[in-house]
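Residue numbers (the working numbering), protein chains in the order written: chain A, -17 to 255; chain B, 7 to 308.
I should point out that these hints are in silico values taken from the structure, not numbers from a laboratory. Remember, predicted model here, so these are calculated numbers, not experimental data. Hints are supplied without guarantee of correctness; some may be wrong.
Pair by pair, the computed Cβ-Cβ distance ranges are [said to hold, decoys possible]: (1) N301/B x N170/A: 46 to 56 Å; (2) E51/B x N170/A: 32 to 42 Å; (3) K137/A x F249/B: 18 to 28 Å; (4) Q136/B x E237/A: 48 to 58 Å; (5) P214/B x A10/A: 39 to 49 Å; (6) V208/B x E160/A: 46 to 56 Å; (7) E50/A x S42/B: 32 to 42 Å; (8) Q109/B x Q163/A: 52 to 62 Å; (9) V117/A x E51/B: 43 to 53 Å; (10) G210/B x A17/A: 31 to 41 Å; (11) V134/B x P241/A: 50 to 60 Å; (12) D236/A x N301/B: 50 to 60 Å.
Backbone N, C-alpha and C define an ideal beta-carbon position, used for all residues, glycine too.
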Amino acid sequence: MKCEQIREKSADYLAGELDEKSLSEVRAHLADCPACREELESLSAIWTKLGVLPKEQPSGSLRIRFYEMLEAYKKGTEKDRDKISLGQTLSYWFGRLMPRRPAYQIALSLILIAAGLGGGFLLSVRSRSAARTEVTGLRGEVDDMRRIVAVSLLKQASPSERLMGVSWSARIDRPGDEIIQTLLETLNRDPNVNVRLAAVDALYLFYDHPEVKAGLIHSLAGQTSPLVQLSLINLLVEIRERRAVEALERLIQDEKLNPKVKKRAELGLTQLS
Amino acid sequence: MKTIIRLAGIMILLWAAGLADNAQESQADHAVVSFSNPAKPGTVEVDISEGSITVRGYEGKDVVIDARWRERVLTKEEQEQEAALAEGGEELDQEELARKKAQAEKAKGMKTIEVESMGLTIEEEENVIQVNAEEGKRAVDVVIQVPFSTSLRLSCRDDERGVTVDRVDGEIEVETSDGPIVLTNVSGPVVADSSDGEIKAVFGKVVPGKPMSFSTMEGDVDITLPFDVKASLKMKTDEGKIFTDFDVQLKPSQQKKEEDERKEGGGYRVSFEKVTLGLINGGGVEIQITTYEGNVYIRKAK
């Protein structure tokens, strides 16, 4: 698929409107084309800011609702025609309610103006908070999009694409269990040292997620690359993870451990206790 | 279609005494392999446990593989002994020296018949050509010519010669344990890792978008980039230094996201590792470099 076609579909993509086939095509293209990814990122960012990303999809129910509204409107105008006389009676009654003295008239209008302003203010506050929930929702959608891209990139054969997957997952605000699990799996299983190193950095960003700390400690025992070991030790010391003490002590016992890693682990132990 | 070409180890004749010095490179295997879909860029994977890999881009459609088997791989101790022997044998154990001399004397004028089966296994499947050396005592030096756009996945352990790549525009993944990684006239993305070796990469141009990463425990990382490259560098080194002749715009080394600062208990990340973030020409391709002892050199191509 060409970039132009992708860009035509990007709105549908963001709205989750694409069918399976085009969705996978778009994803495949996004994994390969940095320009489109950037475009999509900035598009979703702009939408987030304006708050115009359609929260509801133009689904079948919308169509029904539209016709319902149209019908109601038509009926409404018909009724209005019948109600003219009623309106006239109402205005007569309102007229009778109006105070006769001009001073009272002015006072009443001031009260009405104040009430109008107050009401308007209240309404605007309410709509602002509604906008805020809207923005939160949109952020969630951007997160979802990043999650989809990150997870699909992390499954690629190319280490460069997996690196990209790690950096996409690092941009997610609320990673959720799926991303944390995928990152931990990358840290433990990815055959490439560079990708594992990047996963350590990404997981650092989410260290207050309950599973991350335990996952990092657990991972220490299984790592073979001294660089990854060092990176993990640095991280665990950095977040003052006291539960790592035991894992570090066990690591130091390993006879095959790189002497530099051993030195750092020993230093880490003194820093943690 | 899966093609398997087995380059059987032909029995090799080695002159035990007279040719011992030249016996390091004794037997050459040669194979020409085509990609199943030559119109699309293919991938070449090489995995050898002992030996070296050299890959060169050339104007052809096939992959040309040459392998030279060394007599046998020498352990580090043996290499040291060889070196000592070459220097006059002063440091070599006298007994050991005498034993070697006696052995050579015994076999004088005779040939060694190598009975061990050895060879390369070459497989092609869905535009991926895999080259594997059978596990054994012998080390192999593999030289491969590939079309320029080929992607490479190279893995080479236990050798001082390492991996050399020249004029390949595809994606390159390399890993070595001891040997150096030397890449010239490449455009990336490159993801390279070495435990003890140096990593050197000279980029003719840099493909935008795809991230790169270089890591080595002991060695230096030496990268040459085009003068107009747009790159975002993330460099970590514990004991090494960073050198560059680019105007690198440094960013504060906090990796934290804004959101994190609001979290309770967050915000004490000051010195996780010595992370240096820098932008070249406003930033672009993500390049991550991790070393422990080695220095980092970011050079501007002249």
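**Request:** Kindly indicate which numbered hints from before are broken by the structure, ordering the numbers from low to high.
**Result:** 1, 2, 3, 4, 5, 6, 7, 10, 11 and 12
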